[in-house]
Amino acid sequence: MRVVTPKMSLIDRIYIPALIKGLYTTIKHFFMRRFTQEYPEEKRKPFPRYRGLHRLNKDHLGRVKCVACYMCATACPSKCIEIEADEAPWKDREKYPVKFEINTLRCIFCGMCEEACPELSIQLTHIYEMADVTREAFVRRKDDLLGTNEFWVLKEY
Amino acid sequence: MSPFWIDLIIILIKVIVVIGALLGGVVVMVVVERRGAGFIQERLGPNRVGPWGWLQPIADGIKLFFKEEFVPAQAHKLLYLAAPAFFMFIAFVTFAVIPFGDKIELFGRTIQLQIADVNIGILYIFAFASLGIYGIVIGGWASNNKFSLMGGVRSAAQMISYEVALGLSIIGVLMIGQSLRLNDIIGVQTQYWSYLPRWNIFIQPLGFLIFLIAAIAEVNRIPFDLCEAEQELVVGYQVEYGSMKFAMYYLGEYANLITFSALIVVLFFGGWHIPWIEGLTIHPLLLALLQVGAFVVKVFAFLWFFVWVRWTFPRFRYDQLMRFGWLVLLPLAIFNILATGVVMVLIP
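Residue numbers (my numbering), protein chains in the order written: chain A, 1 to 157; chain B, 1 to 348.
Any given hint might turn out to be false.
Said to hold, decoys possible - The list that follows gives simulated cross-link-like pairs (lysine to any residue, SDA-like), each with its CA atoms no further than 20 Å apart:
no.	chain 1	residue 1	chain 2	residue 2
1	A	Lys28	B	Lys14
2	B	Lys14	B	Ala294
3	A	Lys28	B	Trp311
4	A	Lys28	B	Arg34
5	A	Lys28	B	Leu44
6	A	Lys43	B	Glu42
7	A	Lys21	B	Leu212
8	B	Lys14	B	Thr110
What the hints assert, rightly or not - Covered stretches of chain A (in silico footprint by chain B; criterion: 3 or more residues with CB under 8 Å from a CB of chain B, positions within the stretch not fixed):
no.	region
9	14 to 24
10	35 to 47
Stated by the list, open to error - A few chain A residues facing chain B, derived, Cβ under 8 Å:
no.	residue
11	Ile27
12	His29
13	Phe30
14	Met32
Derived by calculation from the structure, the hints in this document are not laboratory data.
Glycine residues also receive a C-beta, built at the ideal position from the N, C-alpha and C atoms.
Kindly generate the complete structure, drawing on both the sequences and the hints.
So this is what it looks like as structure tokens:
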């Protein structure tokens with residue numbers, strides 16, 4: 001294949017107009033809008049389908065919706081959900097979880113538990129600030145997951 | 001007190017003021033460079049320390065100061081430690097002959113606003129500026145690191161190549177000024193052609209362009225920072241340097257930058273001269289202050305230009321750098337001398 005290099009005009013070869021053009025471009029950007037978000041003061045708003053920390057939903061009586069069917073734990077690819085079931089104290093279901101733990105260090109936030117859940121009990125919220133200092137703190141217990149509701153207000157749906 | 005002691009004290013005061021101003025300039029430049037880079041890249045840059053990030057260099061300084069003093073194994077210890085100090089010393093000494101203001105009359109004495117009024121000022125600057133590469137080469141060699149050595153060697157080759165063009169590009173200015181004294185060169189530029197000030201930029205645009213490019217190469221900044229070349233050589237001669245030794249290189253680099261900005265202003269932009277101010281009646285002391293202010297403003301304009309250039313252009317390849325220096329800048333500089341000579345003969 002013959003490569004044809006375009007012939008440069010004298011102005012191109014002097015090179016200085018191109019340099020001035022480059023300088024003009026950067027100084028234009030100097031006055032443009034800055035894209036930096038100053039994080040702790042200015043929080044990013046996640047997209048509607050963002051998958052953050054899990055929550056356990058409650059029904060209209062304030063009971064945990066979960067029926068301890070183990071579907072989420074089975075679907076979980078990283079095996080981070082640990083459920084212990086017991087006989088439910090209520091008439092409308094057989095089982096309920098006594099223990100429902102999610103190890104968020106193992107969790108990959110794929111949302112498969114949410115898809116598997118037949119009761120719409122487990123859902124992923126928009127909470128992304130999950131940093132902590134101890135490993136234990138990352139294991140979210142049932143009460144933590146139920147409590148996620150309290151400080152996460154539904155906005156989009 | 002005898003006049004000798006008074007002179008000595010005056011000179012000491014001038015030295016302290018100039019070194020303070022240089023250090024202050026470096027501090028300001030650190031902020032301007034980092035925030036300017038941020039703005040050009042549509043970021044904010046460091047804005048956390050102090051109002052608008054102005055205390056950032058102090059935070060940087062404290063951090064560098066408390067870092068571990070470290071000498072790599074098998075480094076030549078004496079040279080390794082001496083190189084950054086030498087580099088910084090040279091960078092600060094170079095500024096000594098640059099006039100930052102006109103003469104002022106104070107308590108019946110005429111004080112030259114310049115540390116040393118040397119009659120070979122330009123030669124002095126070039127001599128010391130080229131000594132600066134010893135700091136880089138020795139540092140690169142003494143740290144016993146291949147990248148450092150590469151950086152040092154590149155820097156030496158580059159500086160020697162561009163010093164030729166740098167030196168030749170100002171011959172035209174010297175021919176017009178008929179002197180190597182920087183005050184004389186400014187003196188010529190304070191005259192007028194009807195209304196236009198006779199700044200050398202209007203007489204020697206080609207010389208100015210060559211000088212500007214060669215000056216960027218001389219202070220080792222992008223697009224001529226081959227000796228640092230972050231991507232290939234990590235940071236070249238500075239690889240093995242940490243804590244205050246690194247800070248010394250840093251200070252020296254910015255001091256060099258300020259010196260060369262000042263030199264450009266003196267040679268091509270009339271130094272401390274404010275055009276059309278002679279017609280106004282101002283107290284001479286105020287006028288002198290204004291002139292110092294004008295000098296600072298001009299120098300800062302060029303410092304900003306260097307920052308601007310740094311965040312605009314990519315780095316040269318090494319062969320391009322050499323070809324550009326020897327085959328473009330050098331012939332152009334010689335042509336400039338020739339043209340200036342011909343014009344001076346034809347129009348006396």
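Evaluation of the provided hints:
1. Taking the CA atoms of Lys28 of chain A and Lys14 of chain B, the gap is near 40 Å; set against the 20 Å cutoff, the hint is violated.
2. Restraint check: the Cα-Cα separation between Lys14 of chain B and Ala294 of chain B comes to about 18 Å, which is no more than 20 Å; the hinted pair holds.
3. Distance hint between Lys28 of chain A and Trp311 of chain B is fulfilled; the C-alpha atoms sit about 13 Å from each other, no more than 20 Å.
4. Of the pairs offered as hints, the one joining Lys28 of chain A and Arg34 of chain B holds, with about 17 Å between alpha carbons and a cut-off of 20 Å not exceeded.
5. For the given pair, Lys28 of chain A sits about 15 Å from Leu44 of chain B by alpha-carbon distance, which is consistent with the 20 Å threshold.
6. Simply put, Lys43 of chain A and Glu42 of chain B have alpha-carbon atoms about 19 Å apart, close enough for the 20 Å limit, and the pair holds.
7. At roughly 18 Å between alpha-carbon atoms, Lys21 of chain A and Leu212 of chain B fall within 20 Å of each other, so this suggested pair holds.
8. Taking the CA atoms of Lys14 of chain B and Thr110 of chain B, the gap is near 14 Å; set against the 20 Å cutoff, the hint holds.
9. Only when three residues or more bring their CB closer than 8 Å to a CB of chain B does the claim for the region 14 to 24 of chain A stand; here the count is 4, and the claim holds.
10. Interface restraint, the region 35 to 47 of chain A with chain B: holds (3 residues with C-beta to C-beta distance below 8 Å; minimum three).
11. Taking 8 Å as the C-beta contact cut-off toward chain B, the hint placing Ile27 of chain A at the interface holds, the least distance being around 7 Å.
12. A least Cβ separation of about 6 Å between His29 of chain A and chain B falls short of the 8 Å threshold, and the interface hint therefore holds.
13. For Phe30 of chain A, the interface hint holds, since its Cβ comes within 8 Å of a Cβ in chain B; the closest pair sits about 5 Å apart.
14. Satisfaction of the interface hint for Met32 of chain A is found here, the shortest Cβ-Cβ separation to chain B being roughly 6 Å, below the 8 Å cut-off.
Against the hints set out earlier in the document, a violation occurs for number 1 only.
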